[in-house]
Structure formats: structure tokens, C-alpha cells
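Residue numbers (my numbering), protein chains in the order written: chain D, 22 to 334; chain P, 4 to 456.
Calculated from the structure, these hints are not laboratory results.
Since this is a predicted model, take the numbers as computed values, not measurements.
Note that CB positions come from ideal geometry on N, CA and C, so glycine has one too.
Check before you lean on any hint, since a few could be wrong.
Label pairs and their computed distance ranges (CB to CB) [claimed, not checked]: (1) G95(D) / A15(P): 23 to 33 Å; (2) D78(D) / A289(P): 13 to 23 Å; (3) P178(D) / L14(P): 38 to 48 Å; (4) D78(D) / Q116(P): 15 to 25 Å; (5) Y32(P) / L46(D): 29 to 39 Å.
Chain P side only, calculated, beta carbon under 10 Å to chain D, not exhaustive [what the hints assert, rightly or not]: (6) R85; (7) S268; (8) F388; (9) A401.
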Amino acid sequence: MRVATYRKWFFGFSALLVLLSAAALVAFRLNPGIDFTGGAAITAVYETETQAQQVADALDSAGQPDAILQAAEGNTFFIRLGILELDERDAAGTVTRRGDESRVRDALAAVGPVEISSFDSISGIIGAQNVRNAAIAALVASIVILVYVTWAFRRAPSPFRYGVAAVVALAHDVFIVLGVFSVLGETINLEVNAMFITGVLTTIGYSVNDTIVVFDRLRENGARYSGATTRELVNLSIRETIARSLNTSITLLVVVAALMLFAGPAIRPLLYVLLAGVAVGTYSSIFIASLMLVSWDEGEIGRFWRRARFKRA
Amino acid sequence: MLRQLRWKSLLAIIVIVGLASSALFVPNYRIPFIGERGAGDILGLRLGLDLAGGTQLVYQAGSDDLAPTDEQMEGLVGTITRRIDRLGVAEPSIQRLGDDRLLIQLPGVEDVQQAKDLIGQTAQLEIVERVCSDIACQNYEDIATGLSGADMERASPVQDQTTGQSVLSFELKRSAAQQFAILTQRIFSTLSTESPDQLAFVLDGEALVAAVVRSPILAGLGQIEGNFTPEEARQLAIQVESGRLPVDITELSSSLVAASLGAQSLENALAAGGVGLILVFFFMAAYYRVSGLVAGIALVAYIILVLAVFKLIPVTLTLAGLAGFILSLGMAVDANILIFERVKEELQVGRTVQLAMQTGFNRAWPSIRDGNVSTILIALVLFFFGSGSANSAVTGFAVSLLIGVLLSMFTAILISRNLLGIAAATPGLRRAVRLFTPDAGRRRGAAQAGRGG
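The whole structure should be built from the sequences, with the hints applied where relevant.
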């Protein structure tokens, strides 16, 4: 297996995926859920035969003409609303005017006997905060990984390169997962929520874990065959670790797929992220992170950089 | 010597897994100084609102330009706790989130409106005259005095200079001082020895403290004695203050999950976990043979350990937490795969089963350690991100991932390694290289041929 020799193909493939993801993100954007925009989500289960139109009319009468309604089996309806107006209260805290929540509840109950099996309402403040915190968390996680990988490989030649390569691989994974999600948001209306962020951070963890396994073998082989070039070492290390990488990914994918069949809608976004993240994470740890080390070692990254600067001038 | 060490470790495994099993499978018990365990639904595990059903509310206290003080937040928690208690909820939880937020969890409550109405009320503090009909004031009647929290200047815990006791000191506003003086003078002058009347501070209809009037309070400055500990006096002052100067609260988010939906989610998650596990077992046993079976045993032990730790801490199990657990299960499987692949390599270069097990584990360990540490770091970042944004799903995921990964390292060292060692030392298995790896025999021949040519 001479993976390193064909690295331009792998880099090219990744560049293509990244470009496609960028295009998807520009074209479709992400489909933010109420965790990020604020708003309300309701699951209403009617005990008797109920038409979507009846529910839509009820929501309309409750002052929610823009409600997004999705009907599921068993007279179940998923309802998405904007940010709800709260109850108005006087100085003593007694309710003087009922807010949107009670109006919506009453309107839904007026259609027929109904069980509200879930009702989530989130204010705009929390939404804005979640967006900020998610960005901070991803950034902090990347820095922590950069520092940790550099430290873990401190005895290897140029450990900083290992850290950078691991972070580039994980940025690559996160970006492609975002791209996949913008497509899923457009096609099956999948939303980006707090569980999605959890999934992205898990992907980061998995991707780094996977990268470290390959790097670790590289370090070991480097110590064993002191005369070998980075290219030879990378080829050997990838060959030696590929069975483990694939077996681990397959086991994880099997478990996630099983979860997908059974688990409810609440954690489905998380599972989609894990599915995409594990696949792309395995790919990048084999073909991006370690091959980057080869390119760096052979001076390609410096050349690429200088050429880019030259063109700009 | 080596053999002796191995039996010792087998004993350690049996003891630890045995302890964990009894912690998990004994329905409920009491740990001295720590508390009761096992009040939950399945195996005594505590289930989160998304699995058991219930209501969760997050409130912001104070306004943009007026942040609440620490004491005000404490008072608010106390006030809301008392109101919730009246609602009769089993095991409610009212926690502070950061500086100025409250997280309220009400298991089993599906009438969100009622809960919100109760929580949203402004605290009402009144000073009442308590007319007693016996000496201990078992039976009494409260009479409104017209004085309320608005008439008070402050309440604080102080240490009495002469007696050294902790007392509650309070001061009335100048405008109300005279009314208070007349009131206390009247109660004091008509004080009977059989049934001495009292003054009480009543918050939301519930008396915080009631005391006999020892002398008329003329300048609006009084104190209440009652053999308080300093902490009791402080708590009392905080409660009185919370009624004197109530903090505004605004709802930030509310979430209801019906018990039926929670039960459905739990059933789905368990089914998914079960199917996933069986698939993993088959895969491991088919691919890694005897090693795979050992991994299966190690995984069962791992699951028992994790669930026992969940029960002992206790960790509230949510859907997100289950997802974190399943991911850590993946990491535990990965540790085994790393070891087995290394063992396979060692077998391929012609080492004995016993030696291959040993070197295989030692070679795999750095990857297991480094990979797990990076996951632990990510879990910590997630934990802080989750608690910062009041997102209990993210926090739950992070906590179970953290516990899971830590225990997976422990299982890899203690259980997988030693069981593999024992399997390798078992007569009959010792020479059966083929039982430990799918294609060692074939590749081994190839490797030797390769070396020869």
C-alpha cells in the first residue's frame, strides 16, 4: 500500500468534499432549531382521527398563522412556532393576560381530545447564547487538542506538526459534517440543535482519537526504523493500523445505525452527525492527517504557501 | 510467580465486578453518611425528565440593569422551593445556574401552567399579629396588621453583643415605625401569661418565624431571638429579605415531556442499545474468536461497572446521557480492537500466544491512553459549555462520556488484559493460535515466506 505516493488524489478528494460542503452551506445554509433561534416545538397526539387542516386552523385562531405543521402516524403532529409571548403579570405576579402558550394549548385542546406529549419553549436570549457558546466550545476544543497532541508527541521530531495536522483533520471533519447537515436540512428538514453541537464535539473527539492511533504508530515506527523517510514510515503505519481503524469505525457505525432505527426524534440529529462524523473522521485520520505530515516533511506545504503569496503579488 | 499474579488479578476482577453487581442489582440501600441509593425506576437508576416525564423551567432573575445579589438568589431558591413543596411534587429540584438563573425540574408534573403560575408569583411578606389560645401557641389565629415587606428597611443576622447569641435584627421604615410602636405596645401591655400573643413574619402565607413581644419596639428597630445557630439566623434573614425586596424573574425556557413519551423513548433506547450490543458481540466473536469472546465478557463487566457508578454517584440518566454512554461503549470496544490487532501482529511474526498477549497489550496501551485522554479533554470542554449555557442535555452527555471513558481505560487494564492472559495460559488454548486470530496461520506462513525470499 503506497498511500503517501498518491496523496494528491486524497487531498484533491477532500478539497472537493470541502468545496461541495461550502457550496451547500452557501446555497442551503443550516436549518437552525429552536435551541438557536428561540421559539417553541410541540408534539401533540390526538386520540381521535384528526386532519392536519383542523390543527392548522386551530393554530391560526390562536394567533400562530406561521406555524409549521408536520403530521406523523397515529394522529401525531409536530408543530414549530416562533418565540412565544409570555404571560403578562401585575406587580404581585398574578397573571393579567394569558400569553401564547396557554392560547395554543387551549386551541389544540379545542380540536379534540389530545395529549401534549412534549412542549418546549425557548426565549431568544437563550438561543443567541447557545450559538455563541457552541462557537466558543468548538474553538476551545480545537486549541486544547492542538496543545495536547503537541505535548503527547513531544518526543517525536517536530511535534507541533502533529498537533497542526490533527487540528486540520478535525476542522476538515467538522466542515464536511456541517455541509452534510445543510443538505439534510434542505432535503429532510433536519434541524441543527444543541444535540447537534454535542455530536459535532463528539466527532472532534472521535476524529482526534483516530488520528492519534495512526500518529502513535508513526512515532513507534520512527523510533524503530531510524533511517526511514517520513513517506515510508507513513505508508507502513497506515498499513498497520488500517484494519483497526476500519473495525472500530464499523462497530461504531453498526451501533449508531441500530440506535437510528429505534431511537426517537429527540436524538436523531445527534445520530446523523455521528454517522457522518465517524465516516469522515476515519477517512481524514488515515488520508489527511498523516499525509499532511508527509507533505510538510517534503516541503510541499512551504512551496504551496510561497506560490500562493507569489500569485497574490 | 507470573501464574500467581494472574490468579490474584482474577480475584481482583471477581471482587470488583461482584461489588459493582451488588451495588447495581440490590434494589435499594443506604450508604452511611452519604444517603439512600436506588430510588429510581430501572435497577434503581435515576431517570431524567426526558425519560420519566415532567417539566423543566429556566428562569432569569433580576433585570438587565439590576443583577440580583447572592443572598437574593438564595432567598429566591428558598421561596420557590416552599411553593413547589405545596404543589406536592416528589423530588423536585431547584438549582442555581450561574449567577442569575434558576433551573427548576419537576418530575411527573404535566400541568406546566399551574407550576408557572405558582413560581411566577411575587413573594409576599406580611407582619401579622398571632393571637394564641395556649401557652405553646399550638392553636392560634393570625390577624393582619397592615404592615408588609414594603414597610421594612432591612433584615440581617447579627450576634447579640451581650448574650453572644445569633439573632435576627430588623428595621422598619421611618414611615411605619410609629404604627409598629403602637402595635407592639398594645400586644405587650395585654400580654397574658397563659397564652402570650406573638408577632410573626409570614411569607406567602407561611410563617417564617413567630416571637413573643418582650418589650415595645418604639424606634422601629428590633431583634428576634430563638437560639438560632448563625446559619439559621442567616437563612431567616435571607428569607425575610426575599419577601421585603422580591426579585423579578423572567421565564427563559420551558420544556414538558409527557410520561408516555418518556417511557417510549426509554424503551426505544434500551432496544437500540441491546441490538447494537448483540451486533458488536457477534462481530467481535466472529472476527477475533477467543479474544472476541473475552472482549464480550469484558464489555458485560464494563456495562455493569458504568451503571453501578451511575447509581452510586448518582448520575441522572437522560437520552443524551445514554448517547454518551453508548459512545463510550464504542471507545471500550475500540480499546479491545487495538489490543487484538496488536496481538494478531505479534502472532503473525511467530510469537507464542502468551508472549503475543503481553507485548500486544503493551504496544497498544499508548494509543489507548492518548486517544482516551483526548476524549476526556473534549468531554470536559463539553461539560463547561453545557453548564455555561444551561443545557442539561449537553452536560448529561459530557458526564456519562467522561465516566464511561475513564472506566473503559480501567476495564482495558484490569479486565481485558488479565482475561486475555488467563486465556493464553489455559492448557489447550495455549497453542491454538488460530483460535485467537482470524488468519494468523495463513499470514504467518506468508510472512515467513516473504522473509525467506
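Hint by hint, here is what the structure shows:
Take G95(D) and A15(P): their Cβ atoms lie about 52 Å apart, and the range 23 to 33 Å is violated. D78(D) and A289(P) have their C-beta atoms about 56 Å apart, which leaves the hinted 13 to 23 Å range violated. A C-beta distance of roughly 45 Å is found between P178(D) and L14(P), which places it inside the suggested range of 38 to 48 Å. In this structure the supplied range 15 to 25 Å holds for D78(D) paired with Q116(P), their Cβ-Cβ distance being about 23 Å.
Between Y32(P) and L46(D) the Cβ separation comes to about 53 Å, which falls outside the hinted range of 29 to 39 Å. The beta carbon of R85(P) is not positioned within 10 Å of any beta carbon in chain D (closest approach about 15 Å), and the interface hint is therefore violated. The beta carbon of S268(P) is positioned within 10 Å of a beta carbon in chain D (closest approach about 5 Å), and the interface hint is therefore held. Interface restraint check for F388(P): the shortest CB-CB distance to chain D comes to about 4 Å, inside 10 Å, so the restraint holds.
Given the 10 Å rule on beta carbons, the hint for A401(P) holds: about 8 Å separates it from the nearest Cβ of chain D.
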